[in-house]
Amino acid sequence: MNLPIPEEVEAVFREFRTCEFSTLAADGTPITWPMLPFWRAETGQFMTTTSIGLPDKAFNIRRNPRVSLLFSDPTGSGLFDPPAVLVQGDAVAPDEVKTSIGGFENEIMLVYRRQPAGAMYTSNPATRWFSDWYFMRLEITVTPRRILWWEHGQISRPPTVVEAIHVG
Amino acid sequence: MWAEVRRHLGGFSSPVLTAVDRDGYPVSIRCAPELDEAEQVLRISLPEWTGIRPGPASLLCHGHNQLLWNLRSFMVRGIIEPAGGDAWLFRPTRFIPGIGVGGLPGMVRFALAKRRAAARYLQRRGLARPRIDWAQLKAVQARARQPSPPSLRSPG
Chain E
1 MNLPIPEEVE AVFREFRTCE FSTLAADGTP ITWPMLPFWR AETGQFMTTT SIGLPDKAFN
61 IRRNPRVSLL FSDPTGSGLF DPPAVLVQGD AVAPDEVKTS IGGFENEIML VYRRQPAGAM
121 YTSNPATRWF SDWYFMRLEI TVTPRRILWW EHGQISRPPT VVEAIHVG
Chain U
1 MWAEVRRHLG GFSSPVLTAV DRDGYPVSIR CAPELDEAEQ VLRISLPEWT GIRPGPASLL
61 CHGHNQLLWN LRSFMVRGII EPAGGDAWLF RPTRFIPGIG VGGLPGMVRF ALAKRRAAAR
121 YLQRRGLARP RIDWAQLKAV QARARQPSPP SLRSPG
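Respectively, the protein sequence lines represent chains E and U.
Per my numbering, the first sequence starts with residue 1, numbered consecutively.
Per my numbering, the second sequence starts with residue 1, numbered consecutively.
If you are wondering where the hints come from, they were derived from the structure by calculation, not from laboratory data.
Watch out, some of these pointers could steer you wrong.
Computed footprint of chain E on chain U, listed as stretches where at least three residues anywhere in the stretch have a Cβ under 8 Å from a Cβ of chain E [to be verified]:
| id | region |
| --- | --- |
| 1 | 25 to 33 |
| 2 | 54 to 61 |
| 3 | 73 to 84 |
| 4 | 131 to 140 |
In silico EDC-like cross-links for lysine to aspartate or glutamate, where the CA-CA straight-line distance does not exceed 20 Å [to be verified]:
| id | chain 1 | residue 1 | chain 2 | residue 2 |
| --- | --- | --- | --- | --- |
| 5 | U | 138 | E | 107 |
| 6 | U | 114 | E | 56 |
| 7 | U | 114 | E | 95 |
| 8 | E | 98 | E | 56 |
| 9 | U | 114 | E | 96 |
| 10 | E | 98 | U | 133 |
| 11 | U | 114 | E | 139 |
| 12 | U | 138 | E | 105 |
| 13 | E | 98 | E | 139 |
By construction, the Cβ of each residue, glycine as well, lies at the ideal position given by its N, Cα and C atoms.
Please put together the full structure from these sequences, using the hints given.
Given below as structure tokens:
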């Protein structure tokens, strides 16, 4: 799917290490935590995962699929003066616990390239016992509905907006 | 709770405020809250474009270094309400520590709590605790230490 977004926005999707990912709790409170997003340009969707030790994001999505991803921290991305980008969309989070790297090998390798110290969680039997829950994952797929961005991250100005739902 | 907000907020220059827009979707924006000690609220200026509705909201503070380490995060649940013009009030209702808050004891508590949460998730579905293929993960880590081919620089 070709979304009508400039290369600099796609670069943000590819290179930012984290985004601020929001779901809606049962009482309507938006719950926001940093997440590692993976942009899948071929489908125009984002993939991310959460541990079953932190399942509230998935529970929220199953109740209300409306989510957002804010890309506002370029630390570690290597990008100079990137735009800030907000993606609003609809997510699915199937109730299937995944522990195999099958299908995610590129993403897992990318995480270890970007976060080499993360290997400490698998370094010995004690840390493996302590952190095995982290590797029991639920897959989350986000289909963008609206993409907003601000050149130079100047969010005081109105954003450029693309209504993604009408595309493709 | 206010004391925790005050103590931890000082370490972050631009928290992420998230509220709900007119279409019912979350909308997030970096902001620069000012503490109002007398009212125990945060005063926040928001541009008009956000279109947020008064009501439930949250404030996330997080950070990491260039190698995605030294992770720190916490979130504050609350209520956002207009205060005239571009001024809004955020009334904190609950402080939720994330990773890196509370030092090593906080990290241990965090991990053990999530381990128990994972056990509950499995138990409610009648699932046995799966075994992680550590050797497979170690093999991926070894490959990750090799020079990066262009195809792995961009997950897409």
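(message) Check the structure against each numbered hint from earlier and tell me which ones fail, lowest number first.
(response) none
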